[in-house]
Amino acid sequence: MRRVRAAAAPYLLALPAWIWFAIFFVVPIAAMASVSLTTGNLLEGFQQTFSVSNYAKAVGQYHTQLIRSLIYGGIATLIMLVLAYPMAYWIAFKGGRRKSMYLFLLLLPFFVSFVLRTISWGFLLADDGILFGPLKSAGLLPADFHVLATDVAVIGGLVYNFLPFMVLPIYVALERVDPRVVEAAYDLYASRLAAFRRVVLPLSLPGVFAGVLMTFVPATADPVNARILGGTGNTMIGNIIQTEYLTNNDYPTASALSFTLMAVLLVGIFVYARSLGTENVLEAAAR
Amino acid sequence: MTGIQAGTEAAEAASGAPQVPAIELDGVVKEYLAHGEVVQAVKGVTLAIAEGEFFSLLGPSGCGKTTTMRMVAGFEEPTRGVVRLHGQDVTNVPPNKRDVNMVFQSYALFPHMSVWENVAFGLRRRKVAEAEIKRRVGEMLEIVDLVGREKRRPREMSGGQQQRVALARALVNRPRALLLDEPLGALDLKLRQAMQIELKRIQREVGITFVYVTHDQSEALTMSDRIAVMNDGLVEQLASPREIYERPATAFVAGFIGTSNLLSGAVDRVESGCAVLKLGEHGRVLVAEASRQAGDPISVTVRPEKITISTEEPSGDISAVRGTVSEVVYLGLYNSYAVRLADGAEVTVFQQNALDSTSTAERGDAVWLSWQPHHSYAIGS
Chain U
1 MRRVRAAAAP
11 YLLALPAWIW
21 FAIFFVVPIA
31 AMASVSLTTG
41 NLLEGFQQTF
51 SVSNYAKAVG
61 QYHTQLIRSL
71 IYGGIATLIM
81 LVLAYPMAYW
91 IAFKGGRRKS
101 MYLFLLLLPF
111 FVSFVLRTIS
121 WGFLLADDGI
131 LFGPLKSAGL
141 LPADFHVLAT
151 DVAVIGGLVY
161 NFLPFMVLPI
171 YVALERVDPR
181 VVEAAYDLYA
191 SRLAAFRRVV
201 LPLSLPGVFA
211 GVLMTFVPAT
221 ADPVNARILG
231 GTGNTMIGNI
241 IQTEYLTNND
251 YPTASALSFT
261 LMAVLLVGIF
271 VYARSLGTEN
281 VLEAAAR
Chain L
1 MTGIQAGTEA
11 AEAASGAPQV
21 PAIELDGVVK
31 EYLAHGEVVQ
41 AVKGVTLAIA
51 EGEFFSLLGP
61 SGCGKTTTMR
71 MVAGFEEPTR
81 GVVRLHGQDV
91 TNVPPNKRDV
101 NMVFQSYALF
111 PHMSVWENVA
121 FGLRRRKVAE
131 AEIKRRVGEM
141 LEIVDLVGRE
151 KRRPREMSGG
161 QQQRVALARA
171 LVNRPRALLL
181 DEPLGALDLK
191 LRQAMQIELK
201 RIQREVGITF
211 VYVTHDQSEA
221 LTMSDRIAVM
231 NDGLVEQLAS
241 PREIYERPAT
251 AFVAGFIGTS
261 NLLSGAVDRV
271 ESGCAVLKLG
281 EHGRVLVAEA
291 SRQAGDPISV
301 TVRPEKITIS
311 TEEPSGDISA
321 VRGTVSEVVY
331 LGLYNSYAVR
341 LADGAEVTVF
351 QQNALDSTST
361 AERGDAVWLS
371 WQPHHSYAIG
381 S
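Here the protein sequences come in this chain order: U and L. No gaps in the numbering here: position 44 of the first sequence is 44 in full-length UniProt numbering, and each next residue is one more. No gaps in the numbering here: position 66 of the second sequence is 66 in full-length UniProt numbering, and each next residue is one more.
Don't take each hint at face value.
Stated by the list, open to error - Derived CB-CB ranges, DEER-like:
1) U:A22 - L:R126: 55 to 61 Å
2) U:A6 - L:G332: 38 to 44 Å
3) L:G159 - U:A7: 30 to 36 Å
4) L:P94 - U:S100: 29 to 35 Å
5) U:V82 - L:D188: 53 to 59 Å
The set of hints was computed from the structure by calculation and includes no laboratory data. A quick note: this is a predicted structure, and the numbers were derived from the prediction, not measured. Ideal placement from N, C-alpha and C gives every residue a C-beta, glycine not left out.
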């Protein structure tokens, strides 16, 4: 009897998490899947017709925004990777005793709300705001120069908001690299560049993988940056879903859009994991 | 005689002709800045290691042996002094340009590479032709008995196997010298003893100079041609294992290597080339120190296994002291006796269980301890 209870302990401990997962993930997903297969409107009610017309509408009408979101998310992720890797490398290997302070500085912006920070960027980048206003009156910039309401502002906002999620996993991976393994590479005639390429970089790839996942997915689906920093030509799929839900009350279309986005992201992640997340990549890097 | 001369002479004796030492350290000092204070990890080491020698740096942790080795490998730059490899000054040469390889304490294998890729790493960095790499890696894996495990990852292997991969990864480059930093520390006793013999065999087979860092005295005694015993950043004694065991130069060496008894007193008289120490009423210790004068303070060491226990007073020109047995410990191969002398000093005696396992003395017995004059050694400090 005791043995049975002991064996059940881990499952019992995991039970709250499973219940949470069921209530807040499985049920809403199932509900959304069901809504995406209904037809009708808010006044006359929605009928479960199992029609896929909503998906046809989602892809047919909004593919521009979907593709734009993927491009914005992709570019933002690439820029974050280029910025985050040297940052994480520097903190992990040159941070010394101040490591935790640098990590704290990195996370400091999180003490202010995501939306507020993005609105602040809106002020900074405004056409006649505190940054460009003086430059324009000084004649250093043409009068029609603007950043706000362009794709530069939206992608910049995404990079700014999600950068720590790229830095942290890469930092953790680099931190775990045994310095003696790097010394062993030098000892075996590797130059600094070769030691980085053959040893440090491959050993940090799991962190890069996690970082890309943690930034690409939310950046692609993000509605806040496009709404606050973008113009009418920068609408992302997140904005469309929000509008369909909250303004148009077209729940079936919004649900179908959400599912389409999720499917596209899942396929993308799967392809990415197969090409980068496996040991074959490490094997190739070893050569 | 300084260490460097000692090393050079040993090298000449080994080959019969003058030869450039494989490794030379000349007045090497390493200082660190720790909490705003200068700490000397190595306080001036001068020594020469001959080509093909199995040389050990032996000492307790923090004695500077690992720092000394890291300066040879190039991971640390000496604050002062010169490091030479085969006569060439390499003091400021980075590790990837030095013709020595290292076996790390925790092996430091590349976790993302197979055994084969680990071993081939150095050859690839040196742009050796692929066919040559194939041949040499295969050959080396045969020497360390890892054929058939080429595709394994380090984490899929036992400690002993990982250790052999680390050895192969370094040796495959045919370095002029191999540096080993406590390479057997993580293995259990049985495996460690097997690997000691294995290392010695491999060293004979490849004929490369081995520099071995360890805190394990039995390991150093088993494998080394010569040992440098280090303490507090300095070399206390540099000699063959036998010399170090039989004739420890300092009290530290005597205490660190094996068990040793230390007897102190003043010289009573000098007769027939021996200084005689009086211990108690009837006790006397003879030591071959003709240059001493009556009244000189002197410390003498004697190994426990050199001492004979008897109930009768021994006669002749030998050391003999009287005491009471305070402890008898049966250790299988031998008995260990603790004998308390009249002045309170305790002497350890080992007596082999060769004939029968019955003890010659019991706790509380009054006994005589005796040993030959040439088993006593006067030590410096």
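Against the structure, the hints:
1. A beta carbon spacing of about 58 Å between A22 of chain U and R126 of chain L agrees with the range 55 to 61 Å that was offered as a hint.
2. In this structure the hint that A6 of chain U and G332 of chain L lie 38 to 44 Å apart at CB holds, the actual value being about 42 Å.
3. Between G159 of chain L and A7 of chain U the C-beta distance comes to about 32 Å, which sits within the given range of 30 to 36 Å.
4. A hinted range of 29 to 35 Å for the beta carbons of P94 of chain L and S100 of chain U is consistent with their spacing of about 31 Å.
5. Distance hint for V82 of chain U and D188 of chain L: a CB-CB separation of about 48 Å, inconsistent with the stated range 53 to 59 Å.
In the structure shown, a violation is registered for the earlier hint numbered 5 alone.
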